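Protein chains: 2
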Amino acid sequence: MSGIVPVILCGGSGTRLWPRSRAAKPKPFLPLVGESTLFEATLLRCADSAQFAPPLVVAGAAHLAHVESQAPTARVIVEPEAKNTAAAIALAALRLPGDAVMLVCPSDHHIADCEAFARAAAAAADLAREGWLVAFGIAAKSPETGFGYIKRGEALDGGYRVERFVEKPDLATAESFLAEGGYSWNGGLFAFRADTYLEELETHRPALAQAVREAVEKGREDDARFHPDAAAFARIEGESVDYAVMEETSRAAMVPADMGWSDIGNWPALRDARGADADGNVVHGPAELVDCRNVMVESDGPRVSVIGLDDVVIVVDGGEVLVTTAAGAQKVGKLSGAVNQ
Amino acid sequence: MSGIVPVILCGGSGTRLWPRSRAAKPKPFLPLVGESTLFEATLLRCADSAQFAPPLVVAGAAHLAHVESQAPTARVIVEPEAKNTAAAIALAALRLPGDAVMLVCPSDHHIADCEAFARAAAAAADLAREGWLVAFGIAAKSPETGFGYIKRGEALDGGYRVERFVEKPDLATAESFLAEGGYSWNGGLFAFRADTYLEELETHRPALAQAVREAVEKGREDDARFHPDAAAFARIEGESVDYAVMEETSRAAMVPADMGWSDIGNWPALRDARGADADGNVVHGPAELVDCRNVMVESDGPRVSVIGLDDVVIVVDGGEVLVTTAAGAQKVGKLSGAVNQ
Chain Z
1 MSGIVPVILC GGSGTRLWPR SRAAKPKPFL PLVGESTLFE ATLLRCADSA QFAPPLVVAG
61 AAHLAHVESQ APTARVIVEP EAKNTAAAIA LAALRLPGDA VMLVCPSDHH IADCEAFARA
121 AAAAADLARE GWLVAFGIAA KSPETGFGYI KRGEALDGGY RVERFVEKPD LATAESFLAE
181 GGYSWNGGLF AFRADTYLEE LETHRPALAQ AVREAVEKGR EDDARFHPDA AAFARIEGES
241 VDYAVMEETS RAAMVPADMG WSDIGNWPAL RDARGADADG NVVHGPAELV DCRNVMVESD
301 GPRVSVIGLD DVVIVVDGGE VLVTTAAGAQ KVGKLSGAVN Q
Chain Y
342 MSGIVPVILC GGSGTRLWPR SRAAKPKPFL PLVGESTLFE ATLLRCADSA QFAPPLVVAG
402 AAHLAHVESQ APTARVIVEP EAKNTAAAIA LAALRLPGDA VMLVCPSDHH IADCEAFARA
462 AAAAADLARE GWLVAFGIAA KSPETGFGYI KRGEALDGGY RVERFVEKPD LATAESFLAE
522 GGYSWNGGLF AFRADTYLEE LETHRPALAQ AVREAVEKGR EDDARFHPDA AAFARIEGES
582 VDYAVMEETS RAAMVPADMG WSDIGNWPAL RDARGADADG NVVHGPAELV DCRNVMVESD
642 GPRVSVIGLD DVVIVVDGGE VLVTTAAGAQ KVGKLSGAVN Q
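In order, the protein sequence lines correspond to chains Z and Y. Just so we're aligned: the first sequence equals residues 1 to 341 in our numbering. Just so we're aligned: the second sequence equals residues 342 to 682 in our numbering.
Heads up, a few of these hints could be off.
Which chain Z residues face chain Y? A few, computed with CB under 7 Å, are given here [to be verified]:
#1 V33
#2 G34
#3 L44
#4 N281
#5 V282
#6 G285
#7 P286
#8 S305
#9 I307
#10 D310
#11 D311
#12 G319
What the hints contain is simulated information worked out from the structure, not anything from laboratory work. None of these values were measured; they are calculated from a predicted model. All C-beta atoms in this analysis are idealised placements derived from N, C-alpha and C, irrespective of residue type, glycine included.
For reference, chain Z alone in the conformation it holds in the complex (with noise of 0.2 Å):
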């Protein structure tokens, strides 16, 4: 039996980590939890050749050179343009064997614990082989409104079925769905087999799986890279693979993963996912805090003097100063500096 590849997607821009994160070396990129990159952290969870194939990235040609950089032995599938996960996942699948198992991961996430991945993992894989496309459940830890969710069905071996998935929801119903059981976090991290999703791609999406059938077949090759036919590709109406494949087939599973997960989706969860000291402060480059509680304080060079405030987040990076509450970070996308970059 082969190992599982693992399929690492870097199509993430995160504008809300904006000053640190920026469209030329966005989140993947950055060492944002110790001394690894995301995305070179992402790599080392799928590294043990026992369980995992060599793994196959999906990057856009802006970022070429940090995933070659970082990755140097990968091989890589240059998308022409961003055009979602569905299409991103869908050239990979064209470039693997039908029957090899794909482990679907984005590059910018924080899972703290490996082990309990490599479990999830194995667990999924296993259900991928029997042809179901199984979705990571994670550990819903509180009602967080910035997340998918999926409600679990009946037993499988070593998961379940999906009862449904959900879109974000507010947060009374997150609350209601903690309250309740049954629910988890949507993480974006997917197995199944290459054949099964794109079998489920054509009967859902016949034009999405039809434009990037033709972008591979006219595609060239170059070393480790593989570059897929730009025309083609651009045909394509970019959908994620949630709404295209997992809502639409009858074959959804789910493994549950309580695997310390976080999509570091804001700055505040960089905070949360970094270890605090005893008053809950987070410090990163030169700082004095006087009187402060849980503030992030992340400086790439000018020191920083902080009184007096309580779970405030401050960013200084290349010229650029953010202070934002962690209530407010959710805007941080939205602010000049971040758009027009």
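Assemble the complex: chain Z is given as a structure, and chain Y must be docked to it using the hints.
Frame of chain Z, contents of chain Y only:
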């Protein structure tokens, strides 16, 4: 009758306005309110030759370059070291005719209403000519605990006897002063004849008076500069004019002054001295504020983006970043950056 002689004291270090105010270029020499520096504005308030004689500046050697670039024609007494206000004023008094009426002005305060200042100066000078040592009693607008207070006594022509000076009170005491009435802030502005001041100093601090006299006798002139003798000056025990003279003399008077005065003693005070927008925000430099109220941003270049904050001061200056609540701003002078300059 000759004009009032403005005696401009340039002693303050202004560490509570760090990182904008630095040891090498402290508060008086910065354009903190409007286009002029506080020092220049102090001179401008005393520029009407119908009322005022040319000024006499007392400054430390370290700041002589700032003084001479901002006031090229002023006579300057160059203090060999800082010995507080009683000595600084005595230096000036000894360099003036005995019957000169001195108007002692700190160089780092803001006064919004210059006409009210001129009226108070005229009233103070009239009392000074009669032999009174006159303090400006600043209209107390709030129960500040950072200022000394003056309790007024019986009425004089154009002012009052001082019943007593009160050191910085606690909040409850300050509130009782405002409720009771008859108290004003001691703003550090004084008027007296040179000979009156020297007589009182001789009476209450004979050693200090003697040391200053010797420093002047052994001093040397250098065009518009006068250099007191460093060895004699070094013997002085520095004391404020308040302690050494005003609280000791039986000839203390005060003139009420309601003139939009601020000592710009910390960042929120500067915020309040500047004009705020409809949300109470005060911005100097490139900035974007979202959902903010009563936020002050001061940047010497980098853009500052702020979300969701209330009553916070953010200063970016010379590679230092300060973020403080208004209440915490009292501690700015104790930050490592401010202390270890």
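Quick rundown of the hints versus the structure:
1. V33: violated, 23 Å
2. G34: Where the cut-off is 7 Å and the nearest Cβ of chain Y is about 25 Å from Z/G34, the hint is violated.
3. L44: violated, 33 Å
4. N281: violated, 13 Å
5. V282: violated, 15 Å
6. G285: violated, 10 Å
7. P286: At about 10 Å, which exceeds the 7 Å cut-off, the nearest Cβ of chain Y leaves the hint on Z/P286 violated.
8. S305: holds, 5 Å
9. I307: holds, 3 Å
10. D310: Nearest chain Y Cβ about 9 Å off; hint violated.
11. D311: violated, 10 Å
12. G319: With Cβ-Cβ at 5 Å, under 7 Å, it holds.
Checked against the numbered hints given earlier, this structure breaks hints 1, 2, 3, 4, 5, 6, 7, 10 and 11; the rest are met.
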